[in-house]
Amino acid sequence: MLHGLGPADRALLRRRLRTPVRTFLALLALLAMNVALGATRPFEQVWLVELAVVAVMAAIIILVSMEVRHEPPLVRLFAGVGFFWVAILFGMTLTDYLAR
Amino acid sequence: MSADVTGANPAADPVGVTRAEHFATVGQQRHAATLGMWAWLLTELLLFAGLFLTALILRLLHPEAVQAAAGHLKFWIGATNTVVLLCSSLTMSAAIELSRLGWQRMMVGCLLATASLGALFLMLKGYEYYADYEEHMMPFLARRPYALAEQPATRLFVNLYYVATALHALHLFTGIAILLGITWKASRPGFLQRHQNWIEVYGLYWHFIDLIWIIAFPVLYVVNR
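Chains D and R, in that order, are what the protein sequence lines are.
Take the first sequence: its position 27, counted from the start at 1, is 27 in my numbering, and no numbers get skipped.
Take the second sequence: its position 142, counted from the start at 1, is 142 in my numbering, and no numbers get skipped.
Wrong hints could be hidden among the right ones.
Heads up, incomplete: computed chain R residues facing chain D, CB under 7 angstroms, no partners named [what the hints assert, rightly or not]:
(1) Gly36
(2) Trp38
(3) Ala79
(4) His207
So these bits of chain R aren't anywhere near chain D, every CB distance computed over 12 angstroms [what the hints assert, rightly or not]:
(5) Ala20
(6) Ala24
(7) Leu141
In case anyone wonders, no lab produced these hints; they're calculated from the structure.
Ideal Cβ placement from N, Cα and C applies to all residues, glycine included.
Please take these sequences and the hints and turn them into a complete structure.
Here's what the structure looks like:
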């Protein structure tokens with residue numbers, strides 16, 4: 001299908017797909033890091049690094065793939081509030097279990 | 001631009017949204033659709049967050065049992081499935097960009113690729129469940145011996161694993177069905193002139209399914225190894 005595109009269309013397509021492809025490669029690299037850490041277990045507290053990598057992956061998907069960074073303030077507020085509720089859920093529950 | 005290749009209609013503006021009567025402007029309609037999808041995704045986020053939190057609590061309460069149970073999970077199938085979903089997110093993002101350009105035929109191709117990758121994920125997940133069954137790792141089957149029966153706490157984690165992954169698979173299955181419906185509609189002439197934002201709004205759901213698995217894989221498979 002791409003063979004029928006002219007040079008201008010190919011350049012336009014490359015330009016429009018640049019961000020999705022870069023996002024994909026970044027997520028793949030972060031996943032590779034997590035898989036390598038999970039397979040080798042280099043040190044005892046490696047789970048902290050693994051969860052930090054996941055947090056970065058989630059932020060990339062929300063901000064770039066789901067385009068929250070380009071949305072109006074109300075949509076950004078909705079997206080932020082959702083994760084704020086999750087933070088309250090985790091924070092209050094783990095406070096109990098970790099303080100026992 | 002060649003209309004035969006991209007599927008665009010050069011005679012008219014190839015991209016647009018037909019305004020529904022209860023909206024003042026098309027911009028307001030687009031904004032409301034995106035906001036509505038986010039409101040629903042937040043309820044889904046809280047649903048899955050409860051399951052992930054339970055996994056962390058089980059790890060705190062029964063670390064040995066959770067590690068023993070997680071040792072039976074198919075780490076490499078989970079990792080492969082994560083790559084499959086990342087690929088599907090790429091094709092979904094490409095479909096959104098192509099819809100904005102009005103290149104209908106290529107967009108439909110990307111939507112079909114996304115659905116195919118989703119189906120591949122489900123097939124791999126099904127194989128994983130089959131392998132679990134063969135290893136006697138289904139404690140909820142009353143008539144089948146359970147491999148870790150001497151460690152009762154492992155049942156909690158294994159059952160949670162099935163609930164979380166089956167719920168995700170159900171969302172993915174529903175997502176594929178809706179995606180195929182949208183793809184069929186999107187292949188009709190004039191779709192992008194009337195409903196271009198459907199692709200963008202649906203894309204939010206697909207990326208969200210991807211996001212949930214990207215969190216589920218480390219929480220269930222990786223950190224408990």
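Here is how each hint holds up against the structure:
no., hint, verdict
1, Gly36, "violated, 10 angstroms"
2, Trp38, "holds, 5 angstroms"
3, Ala79, "holds, 5 angstroms"
4, His207, "holds, 5 angstroms"
5, Ala20, "holds, 19 angstroms"
6, Ala24, "holds, 16 angstroms"
7, Leu141, "holds, 28 angstroms"
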